[in-house]
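Asks: What follows is each chain in one-letter form.
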Amino acid sequence: MSNSYTDKLLRVNLSEGTVKTEKINRDWQKEFIGGRGLATKYLISETDSKTDPLGKENKLIFVTGPLTGTSAPTGARYMVVTKSPLTGTIACSNSGGYFGSELKFAGYDMIIFEGASDKPVYLSIYNDDVVIKDAAAIWGKGVWETEDILKSVEGDSDSRVAAIGPAGENKVLFSCIVNEKHRAAGRSGVGAVMGSKKLKAIVVRGTKGIGVSNPERFFEDINKSKEILREAPVTGQALPAYGTAVLVNVMNEYGGLPSYNFRSSQFANAEKISGETIADTRLVANKACFACTIACGRVTKLPDNASEKYIVSTSSRNWKDAGGGPEYENIWAMAPLCGIDDIDALIKANWLCNDLGMDPISYGATLACAMELYENGAIDEKTAGMNLNFGNAEALVKMVYDTGHRSGFGDYLAEGSYRLSKRFSHPEFFMGVKKQEFPAYDPRAVQGIGLAYATNNRGADHLRAYTIASEIMGIPEKTDPAETEGKAALTKLFQDATGVVDSSGLCIFCTFAIGLPEIVPMINSAAGSDYSVDDALKIGERIWNMEHLYNLSAGILGAEDTLPKRILEGKIAEGPTKGMVNKLDKMLPEYYQLRGWDDNAVPSKEKIEELGLG
Amino acid sequence: MLIKVKFFASLRDDFGKEAVCEVDQNSRVEDLFHKMKIPKDLTKIVLVNGKSIEGNMDYLLSDGDTISIFPPIGGG
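For the record, the sequence lines run as chains B and G. Here our numbering is used: position 309 in the first sequence is 309, and no number is missing along the way. Here our numbering is used: position 75 in the second sequence is 75, and no number is missing along the way.
Keep in mind that the hints are not guaranteed to be accurate.
[To be verified] So the derived list for chain G, only partly shown, Cβ under 8 angstroms to chain B, looks like this:
| hint | residue |
| --- | --- |
| 1 | 39 |
| 2 | 43 |
| 3 | 44 |
| 4 | 54 |
| 5 | 71 |
| 6 | 74 |
[As the list claims (entries may be wrong)] Some but not every residue of chain G turned toward chain B, in silico, with C-beta under 10 angstroms:
| hint | residue |
| --- | --- |
| 7 | 28 |
| 8 | 45 |
| 9 | 68 |
| 10 | 70 |
[Stated by the list, open to error] As a list, the in silico DSS-like pairs of lysine-lysine whose alpha-carbon atoms are at most 25 angstroms apart:
| hint | chain 1 | residue 1 | chain 2 | residue 2 |
| --- | --- | --- | --- | --- |
| 11 | G | 17 | G | 4 |
| 12 | B | 272 | G | 4 |
| 13 | G | 51 | B | 571 |
| 14 | B | 571 | B | 30 |
| 15 | G | 51 | G | 37 |
| 16 | B | 586 | B | 571 |
| 17 | G | 4 | B | 301 |
| 18 | B | 583 | G | 51 |
| 19 | G | 6 | B | 478 |
Keep in mind the hints are simulated off the structure, nothing from the lab. Please read these numbers as outputs of a predicted model, since none were measured by experiment. By construction, the Cβ of each residue, glycine as well, lies at the ideal position given by its N, Cα and C atoms.
Extracted from the complex, chain B is given alone in its bound form:
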């Protein structure tokens, strides 16, 4: 019977230069749906959790879900699963655009890269024709030029490219993998793993299409979801009009927009870099990923007199053209967190991150940490190569380039803020969890997101349990951000449900309007499965525990489920959230109890058996 799985994976051994096609393990597919869950099961089964993330033994898995490439709304996502060089934890980074759907059209649910090549290579996929090719001519080039060259060389402008830039090649610990020039599997350094394998890019073209198990029911299900997404104010109006950047003013007014490396929770000039200002002055158009009805993506353009304002040593011809972003997270990390209010420097730095292949959250946060070290006297101008005072927009743009190329002080920044702060003897300036930098919500002002950060399997991150939806936006129900009560259950529910969304191939943004009661039927009618909502939540719980067990086995223990001292004890100094700290101790024990874990975050035997993870 036809369904939306291709049931095939590509196994590419870069040491031996071989490509094999294998059947997907059907039992695992059923246990984990696909996507994040399935790829994590493969990684755990095939690698040692203590392996060197940048060694040959680590594997790099690209994976889609059963709804990727279908006409289910937001069914564009692919994920990259590996062991993170930044955190040492499991890494799963998720991207939209058109690459994931094209991979399905070519006939593959997943690609497993193993080993490492001696020389730069890229993988060329045209349906069944899969070849490892020499990448000497594109090694060292930015993502944008790489994509243009590969499309030209492969002779098909409809092909899709996922590539690393110089940052991945140079193993910057927060480098990412970028597709369609501006969409990225962004966090945890998956680009560095790709670089360690000397794999520059994947170019894919597929013409096979995707079937669904029950077409009549599938179209009923997706049309229902599309209607809800269209009618919901967030997905039908706010995100298309302003993108994620609309949150800048919201979080600032509330007093939850961290600035100056979390020394403050508001930014005086937030309006200058807000979603409203970008929409009024820099926005060219919004942009959608494959099958997306929301179109939250931004395309911005610099004014003519601003494009050369911050000169960097790059030959890229793209700086005068329009480019993607910036999104809320990137704006926050590279502007308020660094005390910067120059919108054009921000846009340019964001484009540079995309071209170099670097996570703007971790980059901005690492620069903010460096700025605090500088203002504290731990780094001098000679060491940094320039003044690194908060607010220095020139430093923001220059250091992106230097970090991606590991030149000068950028070599220190390329290690991330955990290692940077330790190197310069101020580990207390690291603002993150499990060696990964925080995203854009102050966990002192919003209690639940603090628990979500602390317990996240991939280190500080908002996309595994986006409790902001409830605590700030009131979706699906409003909870008080200042309260700790109920946040353990909220966090667990969001973590488990997100595992389902990630494994299906949908974008997490669809959940601003639809939930598992709409998503699970779409999975079933596409994939031929018969999951109930409860089944799906159980799968989400299985995925969470599987990732957690991997981390425990890698030596990342419950003691790391914590927050920096500045967040737990350093009261917010002023503004509407003045005096607040995160009360993690009031939430974490209940969270462990709800998870069926002991005080050291070790799952009980019963829980492991219940989830089939024994």
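Fit chain G to the given chain B structure using the hints.
Replies: Positioned in the frame of chain B, the structure of chain G alone reads:
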């Protein structure tokens, strides 16, 4: 009493960026909405001096308060 009212996102199309509204003593948020003809169904988040009123339109205003009003928004 004078109340500073800040509008965001699509609400700016109809109400501009910010305004100062004079209301009677003991006015509630509801009264201010009525006076400024702000449709409740177009708003989602209402903060008074940065604190969410959590849907309580009877929240009593004080002279010099700042109200921040947002439509439904989302993002990440």
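Asks: Regarding the pair residue 4/G and residue 301/B, is the alpha-carbon distance no greater than 25 angstroms?
Replies: Status violated; Cα separation ~33 angstroms.
Asks: Would you settle whether the hint for residue 70/G is holds or violated, based on the nearest Cβ-Cβ distance to chain B being less than 10 angstroms?
Replies: Holds. Min distance 6 angstroms.
Asks: Holds or violated: are the alpha carbons of residue 51/G and residue 571/B at most 25 angstroms from each other?
Replies: Status holds; Cα separation ~17 angstroms.
Asks: Check whether the Cα positions of residue 17/G and residue 4/G lie no farther apart than 25 angstroms.
Replies: At roughly 11 angstroms apart (the allowed maximum being 25 angstroms), residue 4/G and residue 17/G satisfy the hint.
Asks: At a threshold of 8 angstroms, is the proposed contact between residue 74/G and chain B supported by beta-carbon distances?
Replies: It holds, given that the least Cβ distance between residue 74/G and chain B is near 4 angstroms, below 8 angstroms.
Asks: Verify the interface restraint on residue 43/G: the C-beta must sit less than 8 angstroms from at least one C-beta of chain B.
Replies: Since the shortest Cβ distance to chain B is 10 angstroms, the answer is violated.
Asks: Would you settle whether the hint for residue 45/G is holds or violated, based on the nearest Cβ-Cβ distance to chain B being less than 10 angstroms?
Replies: Check passed: Cβ of residue 45/G comes within 7 angstroms of chain B, closer than 10 angstroms.
Asks: Against chain B, with CB atoms and a cut of 8 angstroms, does the hint on residue 44/G hold up?
Replies: holds (6 angstroms)
Asks: At a threshold of 10 angstroms, is the proposed contact between residue 28/G and chain B supported by beta-carbon distances?
Replies: violated (19 angstroms)
Asks: Taking only the CA atoms, is the gap from residue 583/B to residue 51/G under or equal to 25 angstroms?
Replies: holds (19 angstroms)
Asks: CA of residue 571/B to CA of residue 30/B, is that 25 angstroms or under?
Replies: violated (47 angstroms)
Asks: For residue 586/B and residue 571/B, compute the direct alpha-carbon distance and say whether it is at most 25 angstroms.
Replies: The given pair, whose Cα atoms are some 17 angstroms apart, holds under the 25 angstroms limit.
The structure fails to meet hints 1, 2, 7, 14, 17 from the earlier list, while all remaining hints are met.
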